[in-house]
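Chains as they are written, first to last, in numbering that gives the first Met the number 0: chain F, 0 to 261; chain Y, 0 to 360.
Just so you know, the hints here were simulated from the structure itself, not pulled from any lab data. A hint or two may mislead.
[Said to hold, decoys possible] Computed footprint of chain Y on chain F, listed as stretches where at least three residues anywhere in the stretch have a Cβ under 8 Å from a Cβ of chain Y:
id	segment
1	65–78
2	159–172
3	194–202
4	223–229
What you are looking at is a predicted structure, and each value in this text was computed from that prediction instead of being measured. Yeah, the Cβ is synthetic: ideal placement off N, Cα and C, and Gly gets one too.
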Amino acid sequence: MKKQFNPERSRGAKPKVAFFDFTDCEGCQLQFANMGQALLEVAGLVDIVNFREIMSEEGQDYEIAFIEGSITTDKDVTRVKKIREKANVLVALGACATIGGVNGIKNRAPLELAKERVYGKKSDTINTINTMPVHKVVKVDYFIHGCPAYIPEIITVIKCLLMGRPYVLPNYAVCTECKMNENVCRYEKDQECLGPVTRAGCNSWCVNNGNRCYGCRGLVDNPAADGQKDILLKYGLKLEEILQHFTLYNDSMGEKYDQAFK
Amino acid sequence: MKYASIKKEDLNIWLEYLSGRARLYAPRKKENLFVFRPVKDISEIALKYIPTILPPKKYYFPQKEKLFKFKIRPFKTAKAIKEFEDFILFAVHTCDIAGIQCLDVIFRESPEDPNYLNRKEKMIIIGIECLEYCDKHANCTSMGNHVPRGGYDLMLVDIGEKFILHINSEKGEKLIRGLTYIKEANDADMLSLERVREAKKKIFKEELNGSLAKIYETFDRHFASPIWQDVGRRCVACGNCTSVCPTCYCFDTSDEMKLSLNEGMRYRIWNSCQMEDYAKVAGGEDFRKGRDSRQRHRYYRKFKYPVDKFNRYFCTGCGRCTRTCMAEISLIETVNSLLAAESGTPERPSASGVAERGEAK
Ligand code: SF4
Ligand code: SF4
Ligand code: SF4
Ligand code: SF4
């Protein structure tokens with residue numbers, strides 16, 4: 000049985016937090032550094048024992064593990080399982096960890112072909128498996144979606160885990176937040192957007208800044224993939240481009256949109 | 000004095016005067032659309048505009064509203080906002096005034112909503128009558144909201160060189176009292192007003208192919224219509240149609256803690272029946288599974304349930320839901336297809352029984 004994290008305990012000794020990198024760009028860890036004032040407050044509540052991948056999994060003591068990156072090798076699988084054994088609380092941080100992220104592009108080709116494309120002649124010395132989000136291998140207690148993770152949401156999750164409460168992910172579209180921000184919808188300007196099928200929680204970050212939603216937070220539980228496909232077709236996108244939109248971040252979560260393309 | 004007039008060239012002087020009296024909000028351009036915003040520069044006010052992205056409801060029922068502060072140890076709560084400030088909503092369309100009247104009914108129903116009522120007390124509404132359609136998506140004539148029907152303090156009507164001001168309340172009267180450039184309307188002004196209204200009759204025609212009574216009856220009988228499946232198949236559940244609707248008022252509350260983990264704030268945040276989890280209850284049962292039944296619910300919340308409960312249609316005809324829908328689900332089209340089905344098909348079993356059981360307020 001898993002040890003339960005005890006929030007009361009955090010009032011005395013600060014819980015120890017460690018960060019682990021898998022296949023990713025470390026951009027989400029950087030979001031911690033970008034937290035500003037809040038980082039100082041967080042540092043007052045937890046003890047960050049390791050911030051980079053160089054630490055050994057067993058060597059140090061930690062209770063809360065943040066996993067950044069997706070699982071892409073057999074070694075990753077063993078490593079993340081070890082971390083899970085040791086940690087009381089495991090947090091998947093960022094799109095690579097929560098949904099596979101852009102690394103999922105590997106899954107579009109047969110593994111052998113993907114290996115050969117990247118490593119050429121040396122490909123048989125390389126071990127690689129299909130890209131997986133962390134929860135496909137071990138139980139994840141908290142998900143922090145996004146590429147990169149959205150700072151206010153990181154802080155909310157930290158508060159939840161310190162209070163021993165679950166963090167309930169929004170199960171509605173980015174559009175909901177986008178409308179509350181009173182943005183002009185991109186579709187009103189004849190531009191496409193993946194907001195209608197993407198899980199909210201980023202406060203429509205990209206649209207607020209003049210971009211489209213790329214779907215980096217993954218799809219809502221039950222995305223209207225066929226409805227979204229019809230809309231994109233109507234706005235002049237080709238089927239191939241639509242698939243690219245859907246798979247940019249979400250390829251490892253394929254089953255959620257497959258129905259629309261079969 | 001019931002009607003006054005102001006020369007167009009004096010409008011800006013009056014607006015300056017108004018912005019000194021209270022916080023002034025008015026429509027302004029945002030890219031290819033319009034939004035209500037605090038007025039910083041009077042020249043930015045758009046008097047001719049299509050309905051704003053969000054209705055002015057954001058000022059009396061904000062997207063995310065502070066309710067109260069709390070402390071855990073020792074336990075303590077306190078009102079988040081103690082005083083509400085006076086504000087003027089300027090150039091509000093008649094459809095949006097109807098929206099305010101609808102929410103007034105809702106928030107005054109017991110238990111009354113103190114936050115809304117406090118704001119409402121401080122709110123002054125200056126309307127402007129549309130003399131042309133904003134666009135093809137509006138169904139204000141069918142809803143009877145293309146002309147002023149009360150609910151405002153002052154109403155502006157463009158009669159050419161001047162605006163007529165209909166004074167509809169004490170609050171409104173106070174905003175023009177003692178101003179030399181606002182005069183009592185003379186006979187010629189009143190004649191112009193009549194002419195403007197006559198001309199409007201040629202432009203504004205009922206957009207829905209049936210009377211409201213007929214529509215109500217049709218809704219009563221077409222709960223199981225395949226039209227809902229078609230709408231549900233196209234809908235992506237983005238929730239835009241409910242966010243932008245002046246008569247949607249669903250909300251959720253959430254407690255946000257400070258990093259001290261001892262103090263926090265309770266917020267109320269807009270919510271929508273189009274969200275997947277909206278009608279889920281403990282145990283995982285979902286009373287409105289599927290985008291078809293959720294879309295149907297939205298329509299019934301405009302054309303049937305509020306009529307049963309308040310004897311009022313909760314569609315103002317603003318057209319926002321259609322305008323904002325990337326799936327091009329059109330309210331006019333949906334209602335007209337129901338009406339067509341009603342006239343073309345034999346009687347269907349009544350929906351009332353189902354509605355009463357499964358679809359509460
Ligand atoms: S811009 Fe994108 S996220 Fe915003 S409402 Fe439109 S589709 Fe939704
Ligand atoms: S708007 Fe879309 S792409 Fe941008 S952060 Fe949010 S979910 Fe990610
Ligand atoms: S705006 Fe359109 S797609 Fe979005 S929830 Fe409403 S009907 Fe569905
Ligand atoms: S249902 Fe549509 S047209 Fe009617 S009031 Fe709401 S947004 Fe406006």
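Hints, one by one, checked against the model:
Three residues within the 8 Å Cβ limit are the bar, and the segment 65–78 of chain F against chain Y gives 0, so the coverage statement is violated. A stretch counts as covered by a chain when three or more of its residues have a beta carbon under 8 Å from one of that chain; for the segment 159–172 of chain F and chain Y the count is 5, and the coverage holds. Counting residues of the segment 194–202 of chain F whose CB lies closer than 8 Å to any CB of chain Y gives 3, which reaches the minimum of 3, so the coverage claim holds. Only when three residues or more bring their CB closer than 8 Å to a CB of chain Y does the claim for the segment 223–229 of chain F stand; here the count is 5, and the claim holds.
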